[in-house]
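First to last, the sequence lines map onto chains R and S. To get the numbering used here, take the position in the first sequence, counting from 1, and add 3. To get the numbering used here, take the position in the second sequence, counting from 1, and add 63.
Please note that the accuracy of each hint is not assured.
With a straight-line Cα cutoff of 30 Å, these simulated DSS-like cross-link-like pairs (lysine-lysine) come out [as the list claims (entries may be wrong)]:
1) S:K101 x R:K117
2) R:K229 x S:K101
3) R:K65 x S:K346
4) R:K229 x S:K405
Under 8 Å between C-beta atoms, here's a sample of chain S residues computed to sit facing chain R [unchecked claim]:
5) A119
6) K120
7) T135
8) A138
9) T156
10) V158
11) T307
12) N419
If you are wondering where the hints come from, they were derived from the structure by calculation, not from laboratory data. Computed from a predicted structure; not experimentally measured. No residue lacks a Cβ here, since even glycine has one placed at the ideal position from N, Cα and C.
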Amino acid sequence: MMQGLIFFVFIGFFACQKTAETTGITVRWNNNRATGIAIPQNRLASFSLDSISQLLSVRLAKTGAQPAILGEYQLADNAVIFEPLIPFTRGLRYEVWLRNQRLDGFEIPLADPKDAPELLAVYPSQDSLPDNLLKIYLRFSRPMREGQSPKYVALLKNRTDTVPGVFLDLQPELWNPDRTMLTLWLDPGRIKRDLQPNKRLGAPLQKSLQYQLVVSALWPDQQGAKLAKAFTKAFVTIPRDSLSPNPNRWQIKPPAADGNQPLDITFGEPLDYSLLTETLHVIGNDGKPITGKWHIGDEEKTARFKPAQNWKPGRYTLRIEARLEDLAGNNLNRPFDRDLTQKTVSVASASFFERSFRISRPPSGSDAALIQGTP
Amino acid sequence: MKKMYFLLAVGFAGIVLLATTTRTKKPYGLTVGTPEIKSINALTFSPNGILFVGDAKGGSIFAIDTKDAAVTGQAAPVEIKNVDQKIAALLGTEVQNITIQDIAVNPVSKKTYIAVQHSDGTPVLLRVEGDKIQPVSTKNVEFSSLALNNLPSADAKDRRGESIRVSAISDMGFADGKVLVSGLSGQEFNSTFRSIPFPFTDKQDQASLEIYHAAHGKYETLSPIKTFTTAEIKGKKYLVASYTCTPLVLFPMDELKAGNHVKGRTVAEMGSGNSPLDIVTMKKGDDSFLVMANSSRPVFKVKYKNIEGYQGSLTTPVEESFATAGVQFVSLPVTNVIQLDKLDDTRMVMLQRRSNGNLDLWTSSDRYL
Chain R
4 MMQGLIFFVF
14 IGFFACQKTA
24 ETTGITVRWN
34 NNRATGIAIP
44 QNRLASFSLD
54 SISQLLSVRL
64 AKTGAQPAIL
74 GEYQLADNAV
84 IFEPLIPFTR
94 GLRYEVWLRN
104 QRLDGFEIPL
114 ADPKDAPELL
124 AVYPSQDSLP
134 DNLLKIYLRF
144 SRPMREGQSP
154 KYVALLKNRT
164 DTVPGVFLDL
174 QPELWNPDRT
184 MLTLWLDPGR
194 IKRDLQPNKR
204 LGAPLQKSLQ
214 YQLVVSALWP
224 DQQGAKLAKA
234 FTKAFVTIPR
244 DSLSPNPNRW
254 QIKPPAADGN
264 QPLDITFGEP
274 LDYSLLTETL
284 HVIGNDGKPI
294 TGKWHIGDEE
304 KTARFKPAQN
314 WKPGRYTLRI
324 EARLEDLAGN
334 NLNRPFDRDL
344 TQKTVSVASA
354 SFFERSFRIS
364 RPPSGSDAAL
374 IQGTP
Chain S
64 MKKMYFLLAV
74 GFAGIVLLAT
84 TTRTKKPYGL
94 TVGTPEIKSI
104 NALTFSPNGI
114 LFVGDAKGGS
124 IFAIDTKDAA
134 VTGQAAPVEI
144 KNVDQKIAAL
154 LGTEVQNITI
164 QDIAVNPVSK
174 KTYIAVQHSD
184 GTPVLLRVEG
194 DKIQPVSTKN
204 VEFSSLALNN
214 LPSADAKDRR
224 GESIRVSAIS
234 DMGFADGKVL
244 VSGLSGQEFN
254 STFRSIPFPF
264 TDKQDQASLE
274 IYHAAHGKYE
284 TLSPIKTFTT
294 AEIKGKKYLV
304 ASYTCTPLVL
314 FPMDELKAGN
324 HVKGRTVAEM
334 GSGNSPLDIV
344 TMKKGDDSFL
354 VMANSSRPVF
364 KVKYKNIEGY
374 QGSLTTPVEE
384 SFATAGVQFV
394 SLPVTNVIQL
404 DKLDDTRMVM
414 LQRRSNGNLD
424 LWTSSDRYL
């Protein structure tokens with residue numbers, strides 16, 4: 004079997020030796036990543052693929068003995084393709100060796116500085132935040148490098164002092180699957196009343212102070228390109244929020260039927276951006292969910308639902324999952340931390356809360372106008 | 064020429080043989096293929112050497128037969144200095160572009176597996192073979208997988224006990240035929256602990272638990288488990304877990320069932336301003352020990368006998384700053400241990416940041432117990 008394979012490989016070599024004129028090693032790119040190199044076969048004399056992977060090696064171009072980079076060799080397009088386990092690193096030089104002889108070198112260029120990632124938004128977007136704020140979301144324009152937030156995110160107090168240990172140092176960090184949104188927790192151990200870190204260091208944020216969240220421009224994305232510019236979000240702290248959000252106090256403004264005008268909901272307080280995008284549902288009279296798009300607006304104090312199809316007159320239900328939280332981690336069932344000695348704080352165990360609303364036909368006047376307008 | 068035919072025939076026989084083995088059912092419901100592993104956040108092994116890979120990005124757990132099953136009685140100690148630099152060179156990059164995510168020792172072959180992540184997110188699985196580091200291929204292997212993020216449907220009647228989305232896997236273990244996974248969600252500061260029967264089934268009978276730990280009897284909050292191990296205390300099996308503020312909490316294993324609201328018993332406060340990184344259960348003579356690596360404390364050692372003797376639950380606050388309470392424990396003269404796994408009953412493989420800045424992989428002797 005093996006002999007047969009080698010035989011075919013030899014044929015491949017002879018064939019290409021006649022045609023291949025160029026000698027350069029080419030870097031193969033995939034999605035802006037240098038995922039491999041192609042070495043023209045005429046540079047490699049007549050070796051079988053087996054012996055090529057034994058004799059050929061790609062190494063870092065550095066002083067001192069460098070090991071062969073781990074990866075796979077294969078034959079394609081009259082060339083030996085080498086694909087390392089991870090893409091070649093931008094800004095580094097590499098060498099191709101055959102036995103003890105250096106064949107060639109190549110360099111992976113640095114990322115184009117003009118093609119920089121951006122920090123699109125920081126949530127909560129309001130500029131006055133409770134002093135028991137629990138989390139901050141950073142949303143980027145493209146996948147960022149993980150495990151870097153302690154280096155590149157800082158919180159300043161009164162524009163001068165960096166607040167130490169304010170964020171929970173979590174490894175691994177909490178990224179969304181495509182690595183464009185990071186959750187930063189303000190150390191919950193310091194927010195939870197009476198826990199050791201809270202007693203020793205106090206809450207991470209103090210009442211009625213000016214803070215600035217600063218994100219450094221040096222934060223690299225997954226390809227090594229750094230943020231286009233630094234980002235600063237200034238905010239002032241307002242008193243602690245220890246109450247669960249109450250959907251009964253929300254304002255629901257239903258649109259008229261016979262159209263796909265949006266349904267508007269006003270919470271009366273800012274709620275958690277990320278949870279808002281998942282926990283709100285509109286259910287029809289038949290119990291089936293209405294498809295459509297949610298848009299979180301105005302400092303996360305409002306949400307707007309645009310149905311995919313036109314509204315039909317009738318009763319609808321706004322279903323809110325109980326895990327929805329406000330900015331201080333209080334969800335619909337329970338506040339973030341609960342004083343067990345106080346009986347007044349009730350804890351529910353509901354899965355969701357519901358509000359119903361009605362969508363009616365437009366007032367007769369507009370109906371008439373509509374009829375008049377129809378030929 | 065006859066020889067050629069013979070070779071060809073053997074070759075065909077080989078192909079036929081391969082084809083049949085592919086079709087025959089593998090143990091544990093594994094099938095041959097290439098798992099689509101998007102990230103490797105945690106590694107653990109079953110006692111018979113099945114490797115479990117926790118992939119938080121892909122929201123899955125993979126079970127892989129690595130075929131690394133040669134029984135090794137007396138395991139050779141692992142000793143690799145500057146392991147991060149060696150891995151970086153083997154991957155053709157610089158040390159700042161890679162992160163060691165987890166290490167795990169195959170209890171059958173006693174070989175150490177290392178999960179590495181490149182800065183662009185590419186995961187790499189490596190294995191220590193003597194003083195060499197080798198890649199572990201996950202192409203055409205026997206594997207099975209289980210999705211972690213089965214988001215409950217919006218109109219589900221009752222969501223109680225159902226899972227919330229995992230953004231990160233903080234620890235993974237195997238006990239009593241179950242894969243145990245502790246996860247963190249980017250949205251809720253909650254415990255997303257799961258106990259998943261292995262072999263994986265189509266039925267979603269994984270237990271998702273709400274685990275509370277009371278802070279000094281006064282305030283009660285949910286909190287995610289950072290790391291855990293399992294142990295037998297007075298003949299009963301327990302999950303021994305630690306959280307970001309370093310309490311040590313016991314949960315009876317038989318109570319960890321789907322939908323159960325399990326309240327743990329806090330047996331020790333191991334100091335504030337610290338995050339536990341890894342826990343293992345070790346054994347020397349008649350004594351068993353819990354060994355825990357920490358972010359800003361040395362490695363702790365707790366005698367399980369002391370935990371057995373401590374029948375209370377911590378309810379009063381620790382008065383003195385940085386003080387500890389509850390079960391007595393010993394601080395070992397080893398600091399900055401980032402990863403920890405057990406090589407055998409008495410020896411541990413440690414990934415340690417030395418005082419000179421080097422990151423070394425080494426094996427502790429039984430004198431640490």
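So, going through the hints one by one against the coordinates:
The hinted pair formed by S:K101 and R:K117 meets the criterion: a straight-line CA distance of about 29 Å does not exceed 30 Å. Straight-line distance between C-alpha atoms of R:K229 and S:K101 comes to about 24 Å, which keeps the hinted pair within the 30 Å bound. Restraint check for R:K65 and S:K346: not satisfied, since their Cα atoms lie roughly 45 Å apart, outside the 30 Å limit. Between R:K229 and S:K405 the alpha-carbon distance is near 40 Å, which puts this suggested pair outside the 30 Å criterion.
For S:A119, the interface hint holds, since its Cβ comes within 8 Å of a Cβ in chain R; the closest pair sits about 7 Å apart. Interface restraint check: S:K120 against chain R, minimum CB-CB distance 6 Å, threshold 8 Å, status holds. The restraint placing S:T135 at the interface with chain R is violated, with a minimum CB-CB distance near 24 Å, outside the 8 Å limit. Nearest Cβ of chain R to the Cβ of S:A138: about 24 Å, over the 8 Å cut. The hint is violated.
Hint status for S:T156 relative to chain R: holds, with the closest Cβ pair at about 4 Å, below 8 Å. A least Cβ separation of about 11 Å between S:V158 and chain R goes past the 8 Å threshold, and the interface hint is therefore violated. Given the 8 Å rule on beta carbons, the hint for S:T307 holds: about 6 Å separates it from the nearest Cβ of chain R. The beta carbon of S:N419 comes no nearer than 19 Å to any beta carbon in chain R, farther than 8 Å, and the hint placing it at the interface is violated.
Violation of the numbered hints given earlier is confined to hints 3, 4, 7, 8, 10 and 12; the remaining hints are satisfied by the structure.
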